[in-house]
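> Next come the chains, spelled out residue by residue.
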Amino acid sequence: MALGMWSVVAVAQQDRNQSIRESEKKGWEYEVKAGVNIGGASPIPLPEEIRKVNSFSPKFNGVVEGTVTKWLGREKNWGVSTGLRIEEKGMKTDARVKNYSTEILNDGNKVAGRWTGRVETDYNSTFLTLPVMANYRFNGSWKVRAGMYVSYRMDGDFSGSVSDGYLREGTPTGEKVEFTDGKSSTYDFSSDLRRFQYGAQIGGTWQAFRHFSINADFTWAFSNVFKKDFQTVTFNMYPIYLNLGFGYKF
Amino acid sequence: MKGITKAAFVGLCFAAWMTSCIKDEAANAEADIVACAVSGNLLIREPVITNTEVKFYVNGWEDLTNLAPTFTLTEGATIEPASGTKRDFTSPQTYTVTSQDGQWKKTYKVSFISGSPATEYHFENIKYYEYTDIWDPTAEPQKKFHIFYDRTIEGTDMEWSSGNAGFMITNSTAPATDYPTSQAENGYKGKCAKLVTRSTGSLGAMMKAPLAAGNLFIGEFKINIGNMAKSTRFGMPFRMTPLGLDGYFRYKAGEKYINKNSEEQTNKKDVFDIYAVMYEVTKDVPYLDGTNIKTHENVVMMAQVENRKEAGEWTRFSAEFKSVKGRTIDAKKLRNGGYNLAIVLSSSEGGADFNGAVGSTLYVDEINLYYK
Numbered sequence: 001m002a003l004g005m006w007s008v009v010a011v012a013q014q015d016r017n018q019s020i021r022e023s024e025k026k027g028w029e030y031e032v033k034a035g036v037n038i039g040g041a042s043p044i045p046l047p048e049e050i051r052k053v054n055s056f057s058p059k060f061n062g063v064v065e066g067t068v069t070k071w072l073g074r075e076k077n078w079g080v081s082t083g084l085r086i087e088e089k090g091m092k093t094d095a096r097v098k099n100y101s102t103e104i105l106n107d108g109n110k111v112a113g114r115w116t117g118r119v120e121t122d123y124n125s126t127f128l129t130l131p132v133m134a135n136y137r138f139n140g141s142w143k144v145r146a147g148m149y150v151s152y153r154m155d156g157d158f159s160g161s162v163s164d165g166y167l168r169e170g171t172p173t174g175e176k177v178e179f180t181d182g183k184s185s186t187y188d189f190s191s192d193l194r195r196f197q198y199g200a201q202i203g204g205t206w207q208a209f210r211h212f213s214i215n216a217d218f219t220w221a222f223s224n225v226f227k228k229d230f231q232t233v234t235f236n237m238y239p240i241y242l243n244l245g246f247g248y249k250f
Numbered sequence: 001m002k003g004i005t006k007a008a009f010v011g012l013c014f015a016a017w018m019t020s021c022i023k024d025e026a027a028n029a030e031a032d033i034v035a036c037a038v039s040g041n042l043l044i045r046e047p048v049i050t051n052t053e054v055k056f057y058v059n060g061w062e063d064l065t066n067l068a069p070t071f072t073l074t075e076g077a078t079i080e081p082a083s084g085t086k087r088d089f090t091s092p093q094t095y096t097v098t099s100q101d102g103q104w105k106k107t108y109k110v111s112f113i114s115g116s117p118a119t120e121y122h123f124e125n126i127k128y129y130e131y132t133d134i135w136d137p138t139a140e141p142q143k144k145f146h147i148f149y150d151r152t153i154e155g156t157d158m159e160w161s162s163g164n165a166g167f168m169i170t171n172s173t174a175p176a177t178d179y180p181t182s183q184a185e186n187g188y189k190g191k192c193a194k195l196v197t198r199s200t201g202s203l204g205a206m207m208k209a210p211l212a213a214g215n216l217f218i219g220e221f222k223i224n225i226g227n228m229a230k231s232t233r234f235g236m237p238f239r240m241t242p243l244g245l246d247g248y249f250r251y252k253a254g255e256k257y258i259n260k261n262s263e264e265q266t267n268k269k270d271v272f273d274i275y276a277v278m279y280e281v282t283k284d285v286p287y288l289d290g291t292n293i294k295t296h297e298n299v300v301m302m303a304q305v306e307n308r309k310e311a312g313e314w315t316r317f318s319a320e321f322k323s324v325k326g327r328t329i330d331a332k333k334l335r336n337g338g339y340n341l342a343i344v345l346s347s348s349e350g351g352a353d354f355n356g357a358v359g360s361t362l363y364v365d366e367i368n369l370y371y372k
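Read top to bottom, the protein sequences are chains A and B. Just so we're aligned: the first sequence equals residues 1 to 250 in this note's numbering. Just so we're aligned: the second sequence equals residues 1 to 372 in this note's numbering.
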């Protein structure tokens with residue numbers, strides 16, 4: 001009985017391998033990838049309000065992705081790929097700013113104005129991304145790709161604190177509220193983050209072994225992390241990330 | 001391992017790119033008067049600079065018609081009329097400071113004050129602290145909170161200070177009557193002052209500052225976030241020897257006495273405080289504040305109202321100025337304005353340390369200061 005079951009499984013396995021080989025002949029390629037995102041949400045260029053970046057930590061942002069590529073033409077050098085990617089994008093920064101427009105929480109109320117001093121930011125978002133790329137395969141080991149992507153933000157956080165400085169209420173000539181001796185205040189713009197993002201992506205894959213590959217993709221958003229009507233932070237911040245990881249090709 | 005070093009390298013590159021891309025520092029946007037001075041031996045103490053005012057303190061007999069104060073500004077800013085311009089200061093003069101980047105202007109009222117605090121306080125006169133919306137300069141300035149003022153012996157106006165400016169930052173939409181200090185009807189005679197200990201909400205409680213006592217005092221209020229008790233700077237120059245203080249009050253303590261951790265103290269009941277202090281102004285001690293007004297060694301005389309309790313009807317209170325630790329007032333220093341007098345009223349006596357009951361209400365009216 002057990003032997004019978006075993007032979008059924010073996011035949012089924014053979015059938016499955018067969019169907020993958022056949023679709024491979026037709027030019028279909030299936031991959032799953034896992035990696036990390038390193039980068040940040042950055043204004044381009046750095047605005048003059050930022051005087052010094054004290055520290056920057058890209059954080060550990062995980063990425064998992066499933067990709068399907070259809071190779072075209074006789075040579076099967078060019079292809080189109082798409083897939084689904086679940087990724088995190090985040091960063092932690094500590095900067096010194098001057099006359100930086102922001103809104104802080106002070107004793108339960110929001111106070112808007114110009115901050116000069118230290119700003120710490122903690123940003124993270126989890127996205128569901130759909131990339132659409134054109135692929136070019138050099139040989140059995142190397143392929144490159146370029147294209148666009150759209151992302152849907154499932155959840156996210158943009159918050160931090162200000163300390164060691166002062167806030168001018170409203171305008172640079174407003175009342176000066178000093179924050180010294182370790183006193184700090186927080187801000188939270190999480191509810192002002194955009195839901196959808198889109199941008200460009202370029203990347204490459206090195207097929208190390210038959211099934212195992214190493215990937216690098218550089219993604220660059222064209223949209224601000226914040227909603228259009230959010231004016232408190234006066235400059236746009238674009239998520240720019242490098243996705244490094246491993247992949248498995250079926 | 002290869003992946004980790006790759007990641008570290010990229011992270012480093014990113015940080016290096018961000019650091020090297022720092023733009024040149026922008027021109028200053030602030031337009032502050034940072035320091036001020038006037039030549040001659042006019043000043044009897046350090047001038048006071050707030051966000052929109054500069055006050056010089058001089059003796060009552062000085063000629064104010066031809067003075068040329070000089071100002072130190074935020075780097076790169078300019079002032080109009082120029083620093084050092086001779087002007088007539090028998091009434092306050094305005095100056096406009098323009099920031100280095102040319103985009104921001106601030107108007108300062110500069111005055112030379114030679115008067116003493118008024119001695120009969122009826123609390124009939126109030127003006128509003130007005131807030132002009134910079135995004136809509138054509139709109140009516142918003143009236144935020146009450147400021148009591150009285151006439152001094154010399155005939156000029158003197159304003160009472162309160163913690164209202166601090167309350168305004170966190171409760172900017174509150175009507176004037178919701179502030180800790182406001183004017184009320186049904187005074188002992190005419191209108192009166194109403195001081196109420198207010199709650200600062202859930203975040204105030206989180207920051208260990210769960211309440212804001214209603215207070216009224218002679219002096220300046222300058223917000224010090226690091227130590228709130230230092231925000232109340234008590235006293236103004238007084239050139240007579242104070243003898244006593246009296247007036248009328250009504251008081252009801254709030255239900256729940258809490259400490260700064262918002263913990264209820266069931267055995268304690270809130271009580272108000274009314275006192276007056278005469279202290280010596282020295283180079284190191286230009287003023288006393290909420291942390292040391294009753295205890296500093298510069299305090300020469302103090303009048304403390306005792307037997308404080310609740311009263312539903314208008315009740316008379318009084319206090320005599322007594323010498324503290326046998327110290328005396330030097331007549332020459334007194335004549336030159338070397339002493340400050342502070343009268344302080346609060347709806348919660350432990351308010352500076354955030355001990356009190358929300359809702360404690362003190363009404364005061366018809367306060368008299370006796371001197372010789």
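No wet-lab data here; the hints were simulated from the structure. Quick caveat: nothing in here was measured; it's all calculated off a predicted structure. Hints are not guaranteed to be accurate.
To list a few chain B residues with every Cβ distance to chain A over 10 Å, as calculated [unchecked claim]:
#, residue
1, 30
2, 31
3, 106
4, 243
5, 266
Computed from the model, here is a short list of chain B residues facing chain A with C-beta under 10 Å [stated by the list, open to error]:
#, residue
6, 24
7, 25
8, 28
9, 47
10, 52
11, 103
12, 104
13, 141
14, 169
15, 202
16, 223
Glycine included, every Cβ here is placed at the ideal spot set by N, Cα and C.
> Evaluate each hint against the coordinates.
Here is what the structure says about each hint:
Interface exclusion of residue 30 of chain B from chain A breaks down, the closest Cβ pair being 5 Å apart, not more than 10 Å. The Cβ of residue 31 of chain B sits about 5 Å from the closest Cβ of chain A, inside the 10 Å cut-off, so the non-interface label is violated. Residue 106 of chain B, annotated as away from the interface, has a beta carbon of chain A within 10 Å; the closest lies near 4 Å. Under the 10 Å C-beta cut-off, the non-interface status given to residue 243 of chain B relative to chain A holds; the minimum distance is some 38 Å.
In this structure residue 266 of chain B is separated from chain A by more than 10 Å, as the shortest Cβ-Cβ distance comes to about 26 Å. For residue 24 of chain B, the interface hint holds, the least distance from its beta-carbon to any beta-carbon of chain A being 7 Å, beneath 10 Å. Interface hint status for residue 25 of chain B: upheld, as the beta-carbon distance to the closest one in chain A is roughly 6 Å, under 10 Å. About 8 Å separates the beta-carbon of residue 28 of chain B from the nearest beta-carbon of chain A, less than 10 Å, and the hint is met.
The criterion of a C-beta within 10 Å of any C-beta in chain A is not met by residue 47 of chain B, whose closest approach is roughly 17 Å, and the hint is violated. A hinted interface residue such as residue 52 of chain B counts as satisfied when its beta carbon comes closer than 10 Å to some beta carbon of chain A; here the least separation is about 9 Å, so the hint holds. Because the beta carbon of residue 103 of chain B sits about 8 Å from the nearest beta carbon in chain A, less than 10 Å, this interface hint is met. Hint status for residue 104 of chain B: holds, given a least beta-carbon distance of 5 Å to chain A, under 10 Å.
Residue-level restraint check for residue 141 of chain B is violated (minimum Cβ-Cβ distance to chain A is 13 Å; threshold 10 Å). With 10 Å as the threshold, the beta carbon of residue 169 of chain B comes within range of chain A, its nearest partner Cβ sitting at about 6 Å, so the hint holds. A least Cβ separation of about 6 Å between residue 202 of chain B and chain A falls short of the 10 Å threshold, and the interface hint therefore holds. With 10 Å as the threshold, the beta carbon of residue 223 of chain B comes within range of chain A, its nearest partner Cβ sitting at about 6 Å, so the hint holds.
When the structure is compared with the earlier hints, violations turn up for hints 1, 2, 3, 9 and 13 and for no others.
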